[in-house]
Structure formats: structure tokens, C-alpha cells
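Student: Assembling the complex is the task here: the two chains are given apart, and the hints tell you how they should meet.
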Amino acid sequence: MAFESKHTDRMYVVMGIVLLVAITFLGRLFYIQVIDESYRLSAENNVLRYETEYPARGLMYDRNGELLVYNEAAYDLMVVPRQATEVDTATICEILGIERDQFTRRMVKAKAYSWRKPSVFEKQISAETYAMLQEKLYRLKGFFVQKRTLRKYPKPIAAHLLGYVGEASQRKLEEDPYYKRGDYVGISGLEKSYEEELRGKKGVKVIMVDVFNRTKGSYKDGKYDTVAVAGKTITCSIDAELQAYGEKLMQNKTGAIVALEPSSGEILALISAPTFDPNLLVGRVRSENYVKLQKDTLKPLFNRALQSEQNPPGSTFKLINALIGQQVGVVNENTTYRCPRGYVSGNFRMGCHDHRSPLNLRESIQHSCNAYYGNVFRNIIDHTGKPWEGFRIWRQHVMSFGLGRKFFTDLPIEYAGIVPSNEFYDKHYGKNRWKSLTIISLAIGQGELGTTPIQLANMTAAIANRGYYYPPHLVKAIDGELISNRFTERQNTTIDKKYFDPVIDGMAMVFQQGGTGYRSRHDSIVMCGKTGTAQNPHGEDHSIFVCFAPKDDPKIALAVFVENAGGGSQYGAPIASLMVEKYLTDTIQRPHLEKPILEANLIDPKLKVVH
Amino acid sequence: MREQRSIFDGIDWVLVILFLLLVFMGWLNIYAAVFNEEHQSIFDTTQRYGKQLIFIGFSVFVALVILLIDGKFYSTFSVPIYIANMLLLIVVLLTAKEVAGARSWIDIGPLKLQPAEFAKSATALALASFLGDINTRMKDLQTKVIAGIILGIPAALILLQNDTGSMLVFGAFALVLYREGLSGNILLLGLAFAVLFIFSLLFTPLTMLIILGSIGLIAFFFQRKKTWKLGLGIGGILVVLMGFVYSVDYLFNNVLEPHQQVRINVLLGKEDDPKGAGYNVNQSKIAIGSGGFTGKGFLKGTQTKYDFVPEQTTDFIFCTVGEEWGFLGTFVVIALFTALILRILYISERQRSAFTRIYGYCVASIFLFHFMINIGMTIGLMPVIGIPLPFFSYGGSSLLGFTILLFIFIKLDGYRLQQLR
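If you read the sequences in order, they're chains R and V. Be aware that the first sequence starts at 6, since it is given in the working numbering, and climbs by one per residue. Be aware that the second sequence starts at 86, since it is given in the working numbering, and climbs by one per residue.
Bound conformation, chain V alone (with noise of 0.2 Å):
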């Protein structure tokens, strides 16, 4: 057993400088996105630059916190941490005021937390716990129905608050669970259904019979054997699939709200809306194209401080990366980013514990999620959905659960060589 000299023993700095690197950006961006040249003070808290640099000191302070705790301490107490968390979440549901249409706020004095910010860490924590025991198989059905209910659960209390941003992250485990056993052809299966859907929503139920119903007929007639057994199995899968396009059809024309069919129809490209729906995501193409090669320069964007593109400093903080900084600042952010989820997983192999590795493939799941989404919805790839970029957007509970989410990865990395040794 080693002594541990320091709290920044072990760790890994490439993390730790992608960290700061990403973080010291953001907040350069939101700076430039409420410039006003009456408040020059980078220290005023009127002003969201001035906040966020209270909650980037804070985090850096928590992040230290963690790096002091044992290492033990996360893995052990995984499920109380998980437990508490839920409750956080119900708490939540129960006390938030109506904030945008979503009840996700929670007052503590003149502070505002958004406690599914860190249901995520916590989640990832349990999950890590329950996946990275011994005498748990991936094979067996239980063990997917467990980890069903681990990430059911936050997943369905955040969609209560209607916070879906927030809800479609616990998507991104099923990477998770990938890397952990999960049979591939289940990912491929998901991902056939999602196309159908997709195809769905382009395509009336007759359009989608025909489309299908060729596919069977073609798949029949390139069989050697056309028994009665195959066309009935083909015929049973028909009936299957265009069961799920009408389900599908029922639930965009029935259950989705009209804001959000447009967002679908926007993206799908069946309506173009550049005045309604499709504002926020044109204005924000503008301010993003109109950054050229090499950007308008600092605190020179024109497109981005004029509020016309919406949550410029919180969702939307790309657009005045693209503009200020061109097309070689957004590079440099994608590369970041990239760099920092590879270095993840790359770190995550290398562990001796099953539980730290786990917990690395949620933490680089979510930051894949989060970065996929965001800036795909700033240049019109992805579905206006209202999730942060991490580091980058302004707002306390974002960066604070990121930061947490990231460092317990750095410390139980660092912990790796004290472990079974």
C-alpha cells in the first residue's frame, strides 16, 4: 500500500488541462455573448460573465473537495448517494415553481439548483456499483431489468418535470451498456426501430405499407425455399412493423405537443419555418456561417448580441464561438471535446476495476451525448432540445454537475494504483 502524498497524486493533468481549457473558454464566450461596454469589470455579478465566474470557482473548489475524499468513498457509498438523489428529484417535482415550462428549479435561499444536473454523476455511480459487481452477468435478464429500474428511474422523475432535455441523457447509457456485454444486435435492433420511426414520421401508413411490404415480398422471392412457413414469417413481421409505424403515427398526432410536432416537422425538413419553429435554429446558422474562416474577432460578433438568437449565453453558446472565432475556434472546440471523451474511454480501458471503468463509459457517454446534441441543434442536425453544452453554457448546476461527473473520474483513476495492490 502507498501513502497518498498529495491530493494530485495519480491524476491524470491531460484531463485536468482539457478541463480548465474547455471551462476558461466558455467563459470567454459568455462574456462576449453580454458584452456591453458600459460593464467592462469581468467581476460583475450583475452580469452573467461575473456569476459564471463565481460558479467556475466553485466548482474548481468541489472539484479539489473531491480529489480529497478517499477513493473508496464513491464506490461505497454509490447506492446512499443514488438513493438521496431521487429523493432530491421528487423533492423537485414536489416544490418547484413553474420555471419556462418546466418544474425543475429548486430555491435555496437566493440560490437556484437543478438537481437532474447531478442526478447523472449519481446515476452513473449506481449504475458503476451494480454493473461492476462480480457476481452480476450482463447475459442475464435480471441484470438488464435492474439496470432498466437504475436508469428508469431519474429518467422518469426528470420527464415529470418536464425537463425531456435532460430526460433523453439516460439514453446515452445504453453505450454503457454496450461496452458491458449488452448484445450489439440489441443496439442494432434500437437503432433499426429508430430509423423506422423516422420513417415513419416522413412517410403516411399506406406509403410506409408499401415501402414494407416490398421489402417482404423482394426478401420472399430472393429465398431459395418460398414455403408457406417463410411467408407467413414475413407476413407476422409486416404486421409487426406497421403496428409500430401506427403507434408511431398515434403518438406524434396525439401525445406530442404542437411545439414540439413543428421542432420534428422542422428538422425532418416537411416544414420549412424560418420565421416560426425554425428561428431559434436559422438565426443561430446565421450567426454560425457568418463567422467565416477565421471569425468576426473577439467581442466583434454582430449576429449574437442582439438577442435575436435565443438563450445566447446558456444553449445556444456556440453560435458566438462560430461567429467571433470562425470556423478554426468551433474546430478547436470539437477537437477539445473529442480529445476529452477519447481520453476517457482510453483511460477507462486501462483500469483494474471494473466499477471505475464503468463509471468513465457513463461520464464519456454523457459528455458524447450532451456534445452531440447541442451543437448539432446550433447547426441544424439535431432537434431543438434545450440541454447544455457542457462547460461551455452558462448556469451554476450545469457546470457544478459536470465538474463533479468529471473529477470523481479523475480521483478514482488516480485511486487506481493504491486499489489491489
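Next up, chain R with everything else stripped away, as it sits in the complex (with noise of 0.2 Å):
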């Protein structure tokens, strides 16, 4: 077809269409640019200003209404440096008590950042400083006073699990563009989790301003103005009071409570001492507390409720070994087992203290047996013939109780905690070239395993509900909506519900004439627990207790944590039956117990650093 080409008059019609699209645009151009006055703007000095409006962060409550986290008004004088060209720098030097230099400095850090975008030039005025700014606003161009909220904290408590909020890192700035520089974003514990749902959405008002800093109205009758929509409202599955009071009995203690409900997994306290004001970490005392916070020796920051996971169940740890003996088939609830002041095996000897012997399986708990435990391990590990297969089958059980892994729900932070595995002993000691008993420590609780405050909290609960837990959640509703399903799907254990009655009731009778916290005993209400210690290579060993209450209808379930207290019977037993106490019944009657917890100091004088 080459030389002719057919349909060349078809030209002028793709020709007309090309003209057709630029005479279209010229004339809705000609309309938009020149006919249309509205999108002048009337004078051309005239300059648009868009001022943020910062919506109230969320408030949250806990789990009785009780008010944890509310807003506080503020203010921060902004510059737009573009603008701020003929700006009267003595009266600003004046009114906020600032040096010139200093005036310059922040120019010069305004002006990096931005000559067209507000930068903040001082944060949170005070509402007399404010006062006298807005009268004399006309004679600063180019600077403005934009509203602002802080946190504040009716009640000191919850610091951890608050959490705090601060300015969004550059990090932050560049990974999600909501954020702009100066935005406030939660930077720790709920403030963090929730932080979506907490912030709600800024609003943008578009005001026209002349050039004496005037605003001259809203830009189109607000046309374009978004309105800020405030943050949702948090109810924390937290009882404020229990929280509280469980602070109050950890002051001048290092460790950490948990404790849950059983029937839903909702965290009623989440105690990590030392703890400290969370008004502390709120404003423009913020970063000056921070880095006291964080030099401090005794690390108030770190929440042991959660991170604090190289520490051992101790004796904990047997009620799990108790529930696994059974489900395998190694010991049933009448299995006795003598106790010659230890378990002894050839040469190798793991010491127990005095008690009575034989024991049966509830006794066995009572008095914190080693002997029968090294027993019922050793058992378990062999019950197969091949102790890596037998150790396996352990560990699937252990770990169905949510230990050695992380649950995933809103805690802010969490570990995973040290289950051992095959593969851990294999490199230690060759390709199943270990026995039973080269791990016995694990009989009773001790060795290579690493448990956080909340995951024994977790087992006590999944014990105390006969076989299956929910994962422990911080948060019960947003915005009056219960979290549905999220975080309530049931966990099972792998292990039956009858093997649990035995084991529950050897936890009775922990508080029962010769158990091992008979002293922290009730009269009322039937409690379960397990004392236990962690070894501590470092200094005196760590004080646990594991409790729930009462026996038939679990409502509370805890685990006490008590750095360089030693065994679980002086301090762990005392403060979880404490807790329980103020728990049930909203008082404390057994002021012979609480008193001398209050008391106790256990913090080594050598470490506390006085600031």
C-alpha cells in the first residue's frame, strides 16, 4: 500500500480532534483564569493560610470508667519564616523571655526546615504569655498561635501501659505522610498501639490573612476546610484501683505483677516497678525526665511485666511438668514418690528440703517437691524409649500453655521467652547426644527456660480455666464497641481437663497447714497457688508466686515477680494473695500481712543512684 496512501483525508478529522481538546481547555481555562473571580484571591499580597487543627487525642478509661488519660489545652507560637520578613524581634524577645541569639538560632532552624511550611518557634505557652501575644499578633507577621493538646493523668499510675506520646521522628515523618513535623504520635505502650485509633484525624482551615498579619475570614466560607474529627475512646481492660494498689505494694521493689482474668484474657493490672509518674513524660519537661529515666540503674523504663524474660518459672514450672506427667501416662494423682532430701540418680543429686515422704501428686505441689518432679520429668523425657522424642512431646505441651512465644495481641512490647529446643541441645551436646538427665533442671523450673511476668500470669490463667486460655489484651472497647473476636479466639492447651483437678487442688492446698503459703492463707476465699524461685547467678535469687482465685469460679488469675526477694513464700506469696484480696472483696483485712510488704525495702542501696 506503500505509495498511496488510502484515507488520508481522515487527517483532518484526528487534525479537528486535537484542535477540538485545545480549544476546550482554552475556554474552560479563559473561564477559570480570567472570568471566574472566585478564585482570586482580592489583593495580591493576600496569602492563604492553612492552620492544622489538631483533633483531642482519644481519652481512655479503664474497665469501670474510671478516667486514666484526658487532654490539657496548649499552646504553640508558630513562624512561617517566608512571611515572617519585617518581624518586630524585641517584642517577641520581651514577651517570651528569650536572648536575641536564641531568637536567631531558632530562625535559622525554622528556615532548614522550611521558608513556606509553619514551623514550631516556641511549644506549649502559657495561657499569660498567650494572652499577651494575641495582642500584639498584628505587629508579628508571619507568626501565629496554633492550639494544641497534652496528656494528663488524673491518677499517677499505669506509666508502662500508658505509655507516652511525643514528636514523630524523621523516621516516622518519612514512613507515613499523615504526619508532619511538630506532630505529636504515640511513642510507647497504648499510646503506641492505638495509636490510629487515638489520634483521629486533623482538620485544615484555610484562612486568608493580609499582610499585616490579619486574618481577613475563612477562605470560601470554609469550602475547603476539613473539620478535625477527635480521637476514639479507649476503655482498657485495666482496674484502676487493683492497678494502684498493686504499685503501692511493689514501691521500693524491683519486679512486676500481672494479673488476668481468666474468661477473657483481659489484663486487669500490669505492674512493673519501679515505675514513675507518667505526668512526668508530658510536655516541655518531657525530654529533661526521659534522660533521667533512662540513667537511672534501677531502669524505671523497662517493663519487666513484659520484657523481663531471662529469668526461670522456678517451682512454677512443676505444676506444667505435673499436667504433662499425666496427659503422657508417667503418673497418675495417686503416684507416690519418696523423697530422700533430694533427687538422687548414680552420682548426680538435685537437693529438695525437708517434708514429709513419700508424697502423692497433690502433695508433691504442696511442698514444692524436687524429687518427685525429677522424677515425673525424667519419665516424660523417656516414656518413649528416645528422650529427643520424649523431650518433642514435651515441649509441644509446654508451649501450648503460651510460653516461649509471643502472643501477638495489643501488648506494646513483648519477648518471647526460652523454651529450649532439640535443636538447642543438639548443638550443645551433638545430635541427640543428651539424656534426660543432662536436662533435669527443667523438672523443676530452672535452667535454659526464660519466662515473662505475663506469660506465667497466662498459665496460671489457662490452668485456672482447666485447659485453654485467651490471649492476655489490654483493651476491652474503642469508642463503646467491644473488640469482638480479635483478640478473644480461645487457646487450648494440649492437655486433658481432667488432669487439671488434681494439680488445682495440690494449689489449694499450697495454702493450706504445712503448704508453702499457708502464711498468706484467707479465710474466705479459696485461692490456688505455686510458689517458685528463679535462680539468680547475679545476686540474691527472684521472689514468684503464681495465684488464682477462687478455686471453682476463677475470677482473677496473677503471677508476682519480686527481684532479689529469694523464695516465692516471703514476698510473691503475700502480695498475690494481697491482690486477690483487694480484687474480690474491695478491701484489705489482713493488715499483719500487708504492713510488712509495704515496709520492706529491697532495693540494694549500692545501686539506687540518687539524681
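Errors might be hidden in some of the hints.
What the hints assert, rightly or not - Using 20 Å as the maximum straight-line C-alpha spacing, the simulated DMTMM-like pairs for lysine to aspartate or glutamate come out as follows:
hint	chain 1	residue 1	chain 2	residue 2
1	V	K197	R	E179
2	R	K128	R	E140
3	R	K11	V	D225
Worth flagging that the hints you see were computed from the coordinates, not collected in a lab.
Tutor: Here it is, written out as C-alpha cells:
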């Protein structure tokens, strides 16, 4: 077809389309640029100012509707360097009480960020300064005041779990375009986990401003404004009173308490000691206080309830071995073992304390007998004839209690803890070159195990429920709507329900005559508990106690972990018992038990550095 | 046979000058859009205008290379070039990470390439090679099918990348097919369905039934012979059309994503939402409208600098033109684009080689589509479809892609005198 092309006249159709488009565009542009005045700003120097309207951050309540976090108004003085050309420097310095070179430095910093976008010139100015500024603002071209909100905590509790807010970091700014420089964002705790719900939605007000920095009114009657939407209200699962009481019991101690509601997995109290007043990390004093807390040798910023994973569960772990032993059929409720003040095998000896012998399963828990669990554990590992196989089965049962892994709920931070694997021992001793006796410390919860306090509390809840748990979580409802199935999926353990009864009986006997928690008993509440001691190679052992109550209809399950406090019965048991009493009866009627705890100071004076 | 003395021999200087003007004006506006008193050096490569300057330099270099290569190369290797490009698109699909919802970027060291921008040139070459063949006749069904496949493969691959805007560009090739003899009725039919499509979105299916039914009845009564056959025929057409209306309704409600639905609704005026989906367009219109007749002056724009018009340097670069240069500026830009496209069409028609003519029509159609959609979007005449304004929008891949597209044509045209003589 080369030489003469048919359809040449179609060129005109195509060219016609091109011209039609061009003419349409020109017509439209002429209309919006020349004829329609509404897009034009009245005078050349008028500027549109985009003022961000910050929404109020969501409030937080405890499970009983008690306010935990609210907002307070604060004002930031902002500057737009491009507009701040003829500034009355003296006036500003006088009002803010700053030096001239300070002023220059701040302007340089603002310019470095942007000439056209507002920067914060002075953060959180007081109400009086705000009033003074308001009068003089017409002389301060390029400056304006932006309303912000600050967090306030009516009760100085739960700092770790509530968390704090701070300015968005450079990284955050790059990650999420929602945030602009100077915006606040949740940095830890629930403030971080629920940032998207709490932050609400920023609004923008388009305002016309004249040469004298005077507001000339809303642009186009607010047609382009967007309204700020307040953040959502969060109802925590926490019981504020229980939380406060737990913090009081833990004063002058280091450690953690985690209390759960077994029927839902809701966290009733999450205490990490030492704690601090959350109001310290708000506003202008925040960075100064933060540095102080960071330098504190007792590490108050460290959330021991969720992060302390290096410590073994100690004898509380015997509960798990008792359950697994029954499940794999190597022991039943009537099985008895003798205890010659320790577990002996050949030349090996694992000591025990003085108690009557022989013992059955229930009594082994009541007296926390090491010999009993040496036998049970070895039988579990060896019941198939191949230790590595037996160990794998054992490990699976252990992990079904939520140990050695994370829950992935709304906990702001969590550590997985340690449950050793076959590979771990293979690496240490050679492939399958280890026996039940090699790893016998696991029988009594020592050795290569690591559990966080929240994992221990959850383990206790699973026992209280006779075989299942709901992953621990901190929030009950958002904006009044219950968080439905997100965290409420029932997790079953691999142990049959019937095997729990003798173990739970044993736990109740802990509080009876001869039991390790007898001193901490309560006359009308039937509590079930177990003491534990985490061996600490660095100093005095850590005291552990897990507990739930009432026995037949568990309302609370908890784990208490007190660092450097010795055995579980001395500090762990009374603290747990008092927490249960507080939660179930709302009063404390055992001052004899409470007083020594409140007065005890377990903090090594050598460690405490006074600022 | 004439010896080729210089690589500039026989090239169309009008096109080259139009190209240089557009690139220069584009860069000026990118500079204005990101201008910051702190970074004044135009070579500052931390800023977009500095980077764009590098892209421009590289594009000019590539343009020179294209002129240097023998003109026969492009027709001879059109098919391998096409296949290589399609493979590249597949590689993108397999390897690309998601950026802003689309998976269309490929990382080569520190560089990022968007192969879709080059697929346009490759497809144009392949289409020209196929249709330009002496044995190809537009009338044949086979021709239509093969042309459809050549266009369909890149379109489908790009759609899979979730880059709807670039995919739609391939619709522009309809104009090329029309020029090469595809029946105008098919285009009109397409247009009619497009109108029906828009009406289906505007009205409920029931309303559409009443409208179409009334038209059918009127058509029936205006016929002189009112036979049963005629009635059945009109009824049949009505059924087909209503089938279309229902499928559009279904597609819109069940296939499109919510944000796409909102965009279309805003454009059709069904939703007035200056704060939500209409936000970009409204900010864009404020910026352009506030420019007035003469504009606020270079670097004096206020609206476009607050980052309130999103994609300020890329898809919405025309806002800066409108705000700083006013109607005069927008007039000049539209005039330049119109001149460019008309010039390409005019030159295409003077070709002896069908290959060059068809390629030229492809180039013109692609420019026309980008020009129409991009500027139409900034002034609220078109839906917000993210495609760049050729030579103006910030971005290395698009600038290079358009330069290659245009300069292959300039080379082919310059080569014309040596061909067939």
C-alpha cells in the first residue's frame, strides 16, 4: 500500500479532534482564570494560611469507667519564615523571655526546615504569654498561635502500659505522610499500640491573611476546610484501683505483677516496678525527665512485666510438668515418690528441702518437692525410649500454655521468652547425645527456661480455666464498641480437662497447713497458688508466685515476680494474696500481711543512684 | 543514494525546537514548584529540579544516539524491541515492590525505571511494522485481531501492575487504526457506547430503561412501515443495550474499588466532595484560577508551594504553570502541545513509507492522550488519572520515554529522503 495512502482525508478528522481538545481547554482555562473571580484572592499580597486543627487525642478509661488519660489545652507559637520578613524581634524576645541570639538560632532552624511551611517557634506557651501574644500578633507578621493538646493523667499510675506521646521522629515522618514535623505520635504503651484510633483526624482551616498578619476570614466560607475528628475513646481492661494497689505493694521493690481475668484474657493489672508518674513525660519537661529515667540504674523505663524474659519460672513450672506427666501417662494422682531430701540418680543429686515423704501428686505441689518432679520429668522424656522424641512431645505441651512465644495482641512490647528446642541441645551436646538427666533442671523450672511475668500469669489462667486461655490483652472497647473476636479466640492447651483437678487441688493445698503459702492464706477465699524461686546467678534469687481464685469460679489469675527477694513464699505469696483480696473483696482485712510488704525495701542501696 | 553527512541531516527542526521549548518550560515549572530560598543552585541534586536537569541531559544524549543509529534499524528490529519490552514488563510484575499501590518500578542500582513508559514506543514500532506491511489489510478480521493482540499484551501487563493510567494510554491507538482504515462506524459505535456508559453511571437502570424505551418507541412510530419485524428488531436492540447498562452497573458497584467509584462520581457531579476525593482537583483549580490573566509571576506562586496540591511536580505540574504564568502561560503551553501534535500529523502524512506514517500517528495519538487527560484532570474536565504531562512532569522514565518516542520519529522522518530513492 506504500506509495499512495488511502484514507488521507482522515487526517483532518484527527487534526480536528486535536484542535477541539485545545479549544475546549482554552475556553475552560479562560473561564476559571479570567472570568471566574472566585478563585482569585482579592489583593496581590493576600495569602492563604493553612492552619492545622489538631483533634483531641482519644481518652482512656479503665474497665470501671474511671478516667486514666485526658487532654489539656496548650498553645504553640508558630512561624512561617517566608512571611516573617519584618519582625519586631524585640517584642517577641520580651514576651517569650528569650535572648536575641536564641531568636536568631530558632529562625535559622525554622528556615532550614521550610520557608513556606510553619515551624514551631516556641512550644506550649502559658496562658498568660498566650494572651500577651494575642494582642501583639498584628506586629508579628509570619507568626501565629496553634492550639495543641497535652496528655494529663489524673492518677499517677500505669505509666508503662499507658505509654507516652512525643514528637514524630524523622523516620516516622518519612514512613507515614500523615505526620508533619512537630506532630505528636504515640511512642510507647497503649499510646503506640492504638495510635491510629487515638490520634483522630487532623483538620485544615484555610484562612485569608493580609499583609499585616490579620485574619481576613475564612476562605470561600470554609468550603475547603476540613473538620478535625477527635480520637476514639479507649476502654482499657485495667482495673485502676487494683493497678494502683499493686504499684503500692511493689514500692521500693523491683519486679512485676500481672493479673488477668481468666474467662476473657483481659489484663486487670500490669505493674512493673519501679514505676514513675506518667505526668513526668508530658510537655516541656518530657525530654529532661526522660533522660533522668533513662539514666536511672534501676531501669524504670524497662517494662519488666513484658520484657523480663531471662528469668526461669522456678518451681511454678512443676505445675506444667505435673500436667504433662499425667497426659503422657507416666504419673497419675495416686503416684507416690520418696524424697530422701533430694533427687538422686547415680552420682547426681538435686537437693530438696525437709518435708514428709513419700508424697502423692497433690502433696508434691503443696510441698514443692524436687525429687517428685525429677522422677516425673525423667519419665516424660524417656517414656518413648528416645529422649529426643520424648523431649519434643514435652516441648509441644509446654508451648501450648503460651510459653516460649509471643501473643501478638495489643501489648505494646513483648518478648517471647525461652523454651529450649531439640536443636538447642543438639548444638550443645551433639545430635541426640543428651539424656533426660542432662536437662533435669527443667524438671523444677530452672536451667534454659525463660518466662516473662505475663506468660506466667497466662499459664496460671490456662490452669484456672482447666485447659484453655484467651490471649492477654489490654483493651476492652473502642468508642464503646467491644473489641469483638480480635483477641477472643480461645486457645486450647494440649492437656485434657480431667488432669487439672489434682493439680488444682495441690495448688489449693499450698495455702493449707504445711503448704508453702500457708502464711498468706485467706479465711473465706479459696485460693490456688504455687511458689517459685528463680535462681539468679547475679545475686539474691527472685521470688515468684502464681495464683488464681476462687478455686471453683476463677475471677483472677496472676503472677508476681519480685527481684532479689529470695523464695516465693516470703514476698511473692503475700503480694499475690493481697492482690486477690483487693480485687475480690475491695478491701484489705489482713494488715498483718500487708504492713511488712509495704514497709519492705528490697532495693540494694548500692544500686540506687540519687540524682 | 545520498550520503548522510551529519546526524542532523534532514531532521525536522520545528519538532526539535518544540521539544526543547517544552522541556525547558517544564523544568522551569518544576524549579518553581519546589523552589526553596535555601537551595538556590539549579544543580542541587538533592532537589527535584537538580535531578530533572540530569534526566534532561541524559535524554538529550539518548536523542543524539537515536539520530546516530541507521534509520533502518527501527523498522528492522521493531519486533525484537517489542518482545524485549514485553519481557521487561513481565520482569517488573515479578520483581517490583509496591509503590503507592502500583507495582510498576524496577530498581537498577540507585536508579528506578518505569518500563511502562518505554512500552509505548515499542508498541508503536511493532504496530507500525505490522500495519505497514504491504500484505496487511485493515479490512481483514485477522488484521484487527493481530493489532488487538499487539496492543492488548502491554495493556494487560500494565494493568496487572495496577497502573491504570498508563494502561488507558493504549486506547489512544484507536486513532491510528482509524487513520489506517478501520471503519469510522466502529469508532462511532465505541463513542456511542461510551456515552451510554456515562449515562448508565448517571442514572439508575430503571431510568435508563424508560429513556431507551421511549427512544425505541419514538423510533418505531416515526417509521412509515410499522411491521412486527421492525418492532422485534428495536426490541432486540433494547435488550442488548439494557444488558450493557446492567453490566456497567454491576462493574461499577462490584468491580471498581471504592476510591475509583468516588473519583468517577465526583467527575460526573454526582458527588460534591471538595474535602475528600475532590480535594486534589479543587486545590488544583484554586491554584490555576488564582493565576488570573497574567499570573503571579515566576516563583511567586503561593498555592502550589504549600504542598496542598499533591503530586505538585509530577501529575499536577500544570497547576504551577496556571498559577505563576496565568492564562498567558497556559495558552502558550496548550499552543505548543497543539503545534507539536499537529506538526507530527502533518509530517506523518508526507511520508512515503507506511511504517513511518503509522509510527507518526502512534506518537501523535500518545501525546494527544497524555495532553488531554493530564491537563483535563487539573482543570476538572477529566477524572483524576495519574499520567504525566509529556516533557513537563518530573520523572526520568517518563521524560526519557517521551524523548525516545519523539526522536525515533524525527529520525525516521529525516531518513525519508534516503529511502526508496
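Student: If you draw a straight line from the CA of K128(R) to the CA of E140(R), is it 20 Å or shorter?
Tutor: Distance ~19 Å between K128(R) and E140(R) Cα, so the pair holds.
Student: Check the hint pairing K11(R) with D225(V) against an upper bound of 20 Å on the C-alpha distance.
Tutor: The given pair, whose Cα atoms are some 16 Å apart, holds under the 20 Å limit.
Student: Just to be careful, I want the Cα atoms of K197(V) and E179(R) compared with a cutoff of 20 Å; is the pair within it?
Tutor: holds (19 Å)
Checked against the numbered hints given earlier, this structure breaks none of them.
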